[in-house]
Structures are given as structure tokens and as C-alpha cells.
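J.: Using the sequences plus the hints, can you model the full thing?
Order-wise, the sequence lines are chains A and B.
The first sequence begins at 1 in the working numbering and counts up one residue at a time.
The second sequence begins at 1 in the working numbering and counts up one residue at a time.
Any given hint might turn out to be false.
[Unchecked claim] For the chain B half of the interface with chain A, some residues (derived, Cβ under 8 Å), not all of them:
#1 Pro86
#2 Ala89
#3 Ala92
[Stated by the list, open to error] Just some of the chain A residues that point at chain B, by a computed CB distance under 10 Å:
#4 His20
#5 Glu23
#6 Phe52
#7 Trp64
#8 Glu73
#9 Pro74
#10 Ile116
#11 Ile133
#12 Val134
I should point out that these hints are in silico values taken from the structure, not numbers from a laboratory.
Virtual Cβ for every residue (Gly too), placed ideally from N, Cα, C.
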Amino acid sequence: MLSIDRSIIDAIVAHARRDHPDEACGVVAGPAGSDTPTRHIPMENSARSMTFYEFDSMEQLRVWREMDDRDEEPVVIYHSHTATEAYPSRTDISFAGEPGAHYLLVSTREPDTEEIRSFRIVDGVVTEEPVRIVDAAVDPHAVQSYMFGQSPATVDYECSGR
Amino acid sequence: MAIEVRIPTILRSYTGGAKVVEGAGDTLADLLTDLDSRHAGLKARLVTDAGALHRFVNVYVNDEDVRFLGALDAKLSDGDSVTILPAVAGGAFGFAAAAAIAQHSAAAAGVRAARAR
Numbered sequence: 001m002l003s004i005d006r007s008i009i010d011a012i013v014a015h016a017r018r019d020h021p022d023e024a025c026g027v028v029a030g031p032a033g034s035d036t037p038t039r040h041i042p043m044e045n046s047a048r049s050m051t052f053y054e055f056d057s058m059e060q061l062r063v064w065r066e067m068d069d070r071d072e073e074p075v076v077i078y079h080s081h082t083a084t085e086a087y088p089s090r091t092d093i094s095f096a097g098e099p100g101a102h103y104l105l106v107s108t109r110e111p112d113t114e115e116i117r118s119f120r121i122v123d124g125v126v127t128e129e130p131v132r133i134v135d136a137a138v139d140p141h142a143v144q145s146y147m148f149g150q151s152p153a154t155v156d157y158e159c160s161g162r
Numbered sequence: 001m002a003i004e005v006r007i008p009t010i011l012r013s014y015t016g017g018a019k020v021v022e023g024a025g026d027t028l029a030d031l032l033t034d035l036d037s038r039h040a041g042l043k044a045r046l047v048t049d050a051g052a053l054h055r056f057v058n059v060y061v062n063d064e065d066v067r068f069l070g071a072l073d074a075k076l077s078d079g080d081s082v083t084i085l086p087a088v089a090g091g092a093f094g095f096a097a098a099a100a101i102a103q104h105s106a107a108a109a110g111v112r113a114a115r116a117r
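T.: Next up, the structure:
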């Protein structure tokens with residue numbers, strides 16, 4: 001199962017919508033061994049295509065080195081399909097080279113809804129897995145609001161809604 | 001004479017789990033042959049039967065993509081650092097079409113490399 005924060009999913013969907021009808025792609029890095037995606041890195045689709053994506057090799061080197069330096073790994077590798085379902089194509093399967101990653105696909109073929117699915121791809125074998133979208137935990141001990149300075153300067157006794 | 005080679009997760013089964021190995025060679029092809037003598041099977045994952053660098057991997061010498069340095073003929077010197085990464089690519093496209101694009105961009109890279117010389 002992939003557990004991923006809603007804010008990251010929102011950012012991935014926004015990236016996919018922004019680049020539509022071209023395919024969008026990127027990575028979500030996380031601490032090595034944690035299986036927790038924490039840092040969203042949108043990547044350039046150097047193919048700039050509606051049916052193909054490819055990381056720019058130099059950008060990839062920079063990002064992979066940065067992950068290495070921060071003791072992170074690519075927890076999620078995502079891309080969008082813009083006219084077909086969110087299921088790995090034969091091309092996706094041939095290229096899948098990170099056996100530890102969750103391959104997340106977003107389909108933007110419907111204008112109002114996104115299909116978001118996640119897969120493991122190991123040695124050419126595709127296994128779909130559930131996606132659990134997690135809302136950022138609210139710390140019950142945190143002070144949620146201060147009222148200082150919030151007193152209204154005018155009082156509307158008529159409740160006119162202005 | 002040692003060249004440091006960084007191995008991606010997917011190929012560490014050939015290096016006993018090692019992330020970094022050392023090898024020697026005057027060109028990338030020589031280096032891969034040298035590595036294969038100790039890590040049997042590694043070269044076949046990087047080089048196609050036709051003797052070209054595999055489409056599914058990116059190989060860098062120091063900070064350069066070897067596709068712009070003559071691919072397997074890229075010259076190496078003592079102290080160089082070679083990094084191997086899985087190429088990240090895919091998409092809704094059929095594989096035959098993707099392969100055609102790969103050949104086209106390899107040819108284009110060859111032209112760019114020739115111009116740079």
C-alpha cells in the first residue's frame with residue numbers, strides 16, 4: 001500500500017493538470033527505508049509529448065545525487081496519462097528501473113476528475129496496490145488560534161451581513 | 001588505476017549489494033568488461049546484444065551524460081567517477097514508437113557530439 005499526504009497528491013494533480021495534454025512526471029523523495037514520501041520534486045518531461053515522458057538525464061543526475069546526499073530515495077515515481085487510463089503501459093513496464101518505488105499514475109483524460117492508481121513494477125511484473133491518502137495529522141496539543149487583535153472594529157446589530 | 005562506479009539499486013544484485021565498486025579501463029567499454037570479470041552479468045544489463053549502450057540506463061562520467069561523450073567509446077582517466085542510473089521514462093505510447101524515438105535521439109546525440117568535436 002502507498003500512504004501519501006493529501007497535500008502531495010494535490011501538488012501532483014496540479015502538476016498533471018498544468019502540463020495537460022502533455023504527460024507530466026516527477027518524483028516524491030522520502031527518507032531511505034521509510035517508505036514515506038515527503039518531498040515532491042516535479043521533473044521536466046524532456047520528451048514534451050502527449051504520449052511519452054522522459055526525465056532529462058542531467059536533471060535526474062542532479063536530483064538523484066541530492067537524494068543521496070540527504071539520505072533519501074525515490075519513494076514515488078509518478079507520471080500522467082492524458083488520454084488513457086492510469087495503468088502502466090508496456091513502455092512503462094520496460095523502463096521501470098526502481099524496484100523499491102511506488103509507480104503512481106494519474107489520468108487526466110476526464111476534465112473534472114482524476115484517476116490515481118499506484119503499482120509496484122518488479123522484473124516486468126505489475127502489481128496494483130491501494131493508495132491511502134492521509135490528511136496531515138492535527139496535533140491536539142497545538143494551540144489552534146489566538147483571538148488577540150480580532151475584536152471587530154464595528155458591530156453590526158442589524159445582522160445585515162455587510 | 002581506479003575509477004569509482006556508483007551502482008543503482010536495481011543492479012546491486014550483481015555487486016553483492018555494494019553501492020560503489022571500483023574498476024579500471026581506458027574507455028567505458030573497457031571499464032564495463034573489467035567490472036563484468038568480477039560482477040558477472042552486469043555488462044549485459046548495460047550493453048545490448050548489438051553492442052550499444054542500453055536505452056534503459058543513463059551512464060555519466062563525472063557530471064556528463066556519456067551519450068554526449070561517445071557512449072561506450074567515452075574516454076576515462078584515473079580518478080574519474082562513473083554513475084549509473086536507471087533511465088526514467090515511459091508513457092502511454094506503444095513500445096515500438098518509443099524505440100523509434102530512442103533511435104532518433106541517439107542519432108541526434110551523435111550529431112551533436114560530432115559537432116562538438
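J.: Can you list which hints this structure breaks, lowest number first?
T.: 4, 10, 11, 12
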